[in-house]
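*Asks:* So the sequences go chain by chain: A and B.
Read the first sequence against the numbering used here and you will find it ends at 393, with the numbers running on by one and no gaps.
Read the second sequence against the numbering used here and you will find it ends at 155, with the numbers running on by one and no gaps.
There's no promise every hint is true.
Straight-line distance between alpha carbons at most 30 Å, and here's what the computed DSSO-like set of lysine-lysine pairs gives [unchecked claim]: (1) A:LYS88 x B:LYS102; (2) A:LYS115 x A:LYS205; (3) A:LYS46 x A:LYS88; (4) A:LYS227 x A:LYS208; (5) B:LYS123 x B:LYS102; (6) A:LYS227 x A:LYS384; (7) B:LYS102 x B:LYS142; (8) B:LYS142 x A:LYS227; (9) B:LYS123 x B:LYS103; (10) A:LYS205 x A:LYS227; (11) A:LYS227 x A:LYS88; (12) B:LYS142 x A:LYS88; (13) B:LYS123 x B:LYS142; (14) B:LYS123 x A:LYS88; (15) B:LYS142 x B:LYS103; (16) A:LYS384 x B:LYS102; (17) A:LYS115 x A:LYS208; (18) A:LYS88 x A:LYS205; (19) B:LYS103 x A:LYS88; (20) A:LYS115 x A:LYS88; (21) A:LYS384 x B:LYS103; (22) B:LYS123 x A:LYS227; (23) A:LYS227 x A:LYS115; (24) A:LYS384 x B:LYS123.
Stretches of chain B that chain A covers, calculated by requiring three or more beta carbons in the stretch to come under 8 Å of a beta carbon on chain A [said to hold, decoys possible]: (25) 100-107; (26) 125-131; (27) 135-142.
Some chain A residues well away from chain B (every beta-carbon gap over 10 Å; in silico) [to be verified]: (28) ALA38; (29) ALA114; (30) ASP133; (31) SER158; (32) PRO330.
No wet-lab data here; the hints were simulated from the structure.
Just so it is clear, the structure is predicted and the values come from calculations on it, not from any experiment.
Glycine included, every Cβ here is placed at the ideal spot set by N, Cα and C.
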Amino acid sequence: MSQINVDAIRASNGTGDAISLTASDKTCTANITNNLSNRNLIINGSMNVAQRGTSSTSGGYASVDRFKVVDNNTNVTITQSQHALTSSDTGPWAKGFRNSWKQELSAAGNGLDGTSYLYLTHFVEAQNAACSGWDFTSASSYITLSFWFKASTNQTFYGRLATVDATTQNYPFSFTATGNDTWTKITKTIPGNSNCNIVNDHGAGLKLEISLYAGADRTDSGVSLNTWAAYASATRTPDIANTWITAGTSSFEITGVQLEVGDYATDFEHLPYGVELDRCKRYFIADIADRYWYNGEGANVYDYQLISFPTTMRDTPDITFGTDITMTNVNTSGGTNGHGTYAITTTGWNYSPLASATGNITGKVNYTASAEL
Amino acid sequence: MVYTYKKYTEHRGSAGAVVSTNYVLRKEDNTIIPFSEGNTSYQEYKAWLAAGNTPEEAD
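Construct the entire structure; sequences and hints are all you get.
*Replies:* Here it is in structure tokens:
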């Protein structure tokens with residue numbers, strides 16, 4: 021084995037060392053300019069946060085945070101879940117990943133036609149992309165996507181990155197595993213383009229879409245890979261084989277999704293669970309609303325409880341009431357099953373149960389606030 | 097899922113119950129949707145209106 025014995029490395033015309041080495045403790049100090057923290061534009065790319073629950077047969081946002089299933093006319097039950105990895109998951113396990121986002125089919129998709137599709141999507145908030153340092157208008161400025169995936173039946177899958185402001189621009193790419201049920205790391209380096217536009221606001225800026233299947237209404241054999249073009253729904257990606265979706269109880273797992281400025285993929289930026297959870301709460305919060313008071317004014321009276329969100333949400337959120345926890349002297353035929361809301365903002369909202377009589381009133385209920393993209 | 101909507105009744109303390117000009121109720125999952133342009137549920141509601149639909153009257 022050969023080795024290089026030096027004390028420092030500096031540019032030929034430099035005046036200071038870029039890397040200096042310390043013999044006593046076998047370390048170095050490196051002046052690295054692009055290995056920055058908070059460099060992953062994908063939130064919850066390690067799939068560790070699942071506020072909505074760990075498994076669901078619903079589409080949309082229903083298991084791991086920030087990742088969404090979009091499907092149509094597959095005529096099969098699709099279970100999306102946060103899946104715990106083990107040491108048998110060669111590849112991502114050793115890199116520190118303990119969860120994946122898994123799609124499982126109950127049977128082979130059937131009755132597939134041009135309208136059928138199954139996409140996995142993630143939206144990046146526009147201001148995060150606009151202020152990332154990627155010059156998305158320049159062909160010599162790059163952003164790099166990396167992720168781990170495995171599929172029960174291997175085939176060529178397609179994905180695409182899109183800028184969604186102004187005229188949506190589409191960058192399709194393909195990816196393939198090294199075998200069935202074999203974890204494979206995919207890296208795609210994507211240049212900017214003069215037609216791309218990302219507005220500095222809190223709407224959607226970038227869309228990542230992984231296609232597990234799409235019918236002819238959304239694919240076209242003439243679509244070119246690895247280049248930007250104006251988006252049209254019928255030319256999202258090239259035609260995709262139906263191998264995986266018709267193979268039976270197929271599964272597809274993905275984790276370690278990272279999108280970063282630069283022309284190469286760095287190691288995944290693992291974050292503490294609490295940090296990732298806080299980031300997710302800008303888009304979705306699952307919590308408990310709780311109001312107790314003495315009502316001396318008879319039935320059908322509201323009294324409000326201000327509930328502050330733990331972070332400023334992306335936009336004024338929807339409020340959805342879930343399972344009741346405690347309902348004492350509450351008129352459940354009024355309001356929304358007895359629950360009232362008022363003054364919803366990005367920082368909080370007012371909750372009240374509707375009293376059914378004079379006396380102590382308690383309304384305690386699970387709720388969610390959603391400001392997803 | 098195809099959603100339908102209903103006008104939402106706000107309760108404003110001493111002002112009592114009033115039909116909201118700020119929110120609409122999505123019936124299938126009892127979600128209160130704010131009239132905020134950046135809210136994607138509101139965007140879906142506006143598209144539903146644009147398709148010629150109208151929300152049910154409030155209770």
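*Asks:* For each hint, tell me whether it holds in the structure or not.
*Replies:* Structure-based check of each hint:
1. A:LYS88 x B:LYS102: holds, 26 Å
2. A:LYS115 x A:LYS205: holds, 11 Å
3. A:LYS46 x A:LYS88: Violated, at about 46 Å.
4. A:LYS227 x A:LYS208: At roughly 15 Å apart (the allowed maximum being 30 Å), LYS208 of chain A and LYS227 of chain A satisfy the hint.
5. B:LYS123 x B:LYS102: holds, 7 Å
6. A:LYS227 x A:LYS384: violated, 37 Å
7. B:LYS102 x B:LYS142: holds, 13 Å
8. B:LYS142 x A:LYS227: The hint holds at about 22 Å.
9. B:LYS123 x B:LYS103: Distance ~10 Å between LYS123 of chain B and LYS103 of chain B Cα, so the pair holds.
10. A:LYS205 x A:LYS227: The given pair, whose Cα atoms are some 20 Å apart, holds under the 30 Å limit.
11. A:LYS227 x A:LYS88: holds, 11 Å
12. B:LYS142 x A:LYS88: holds, 21 Å
13. B:LYS123 x B:LYS142: Satisfied, since the Cα-Cα distance of roughly 15 Å is no more than 30 Å.
14. B:LYS123 x A:LYS88: holds, 22 Å
15. B:LYS142 x B:LYS103: Roughly 13 Å between the alpha carbons, so the hint for LYS142 of chain B and LYS103 of chain B holds.
16. A:LYS384 x B:LYS102: Since the Cα atoms of LYS384 of chain A and LYS102 of chain B sit roughly 24 Å apart, the hinted pair holds (cutoff 30 Å).
17. A:LYS115 x A:LYS208: holds, 19 Å
18. A:LYS88 x A:LYS205: Distance of about 21 Å is within 30 Å: holds.
19. B:LYS103 x A:LYS88: holds, 28 Å
20. A:LYS115 x A:LYS88: Given that 30 Å is the threshold and the Cα spacing comes to 24 Å, the pair holds.
21. A:LYS384 x B:LYS103: Roughly 24 Å separates the two Cα atoms, so the pair holds.
22. B:LYS123 x A:LYS227: holds, 29 Å
23. A:LYS227 x A:LYS115: holds, 26 Å
24. A:LYS384 x B:LYS123: holds, 21 Å
25. 100-107: holds (count 3)
26. 125-131: holds (count 6)
27. 135-142: holds (count 3)
28. ALA38: holds, 44 Å
29. ALA114: holds, 38 Å
30. ASP133: The assertion about ASP133 of chain A holds, with a minimum of 19 Å to chain B.
31. SER158: holds, 28 Å
32. PRO330: At about 19 Å from chain B, PRO330 of chain A clears the 10 Å cut-off, so the statement holds.
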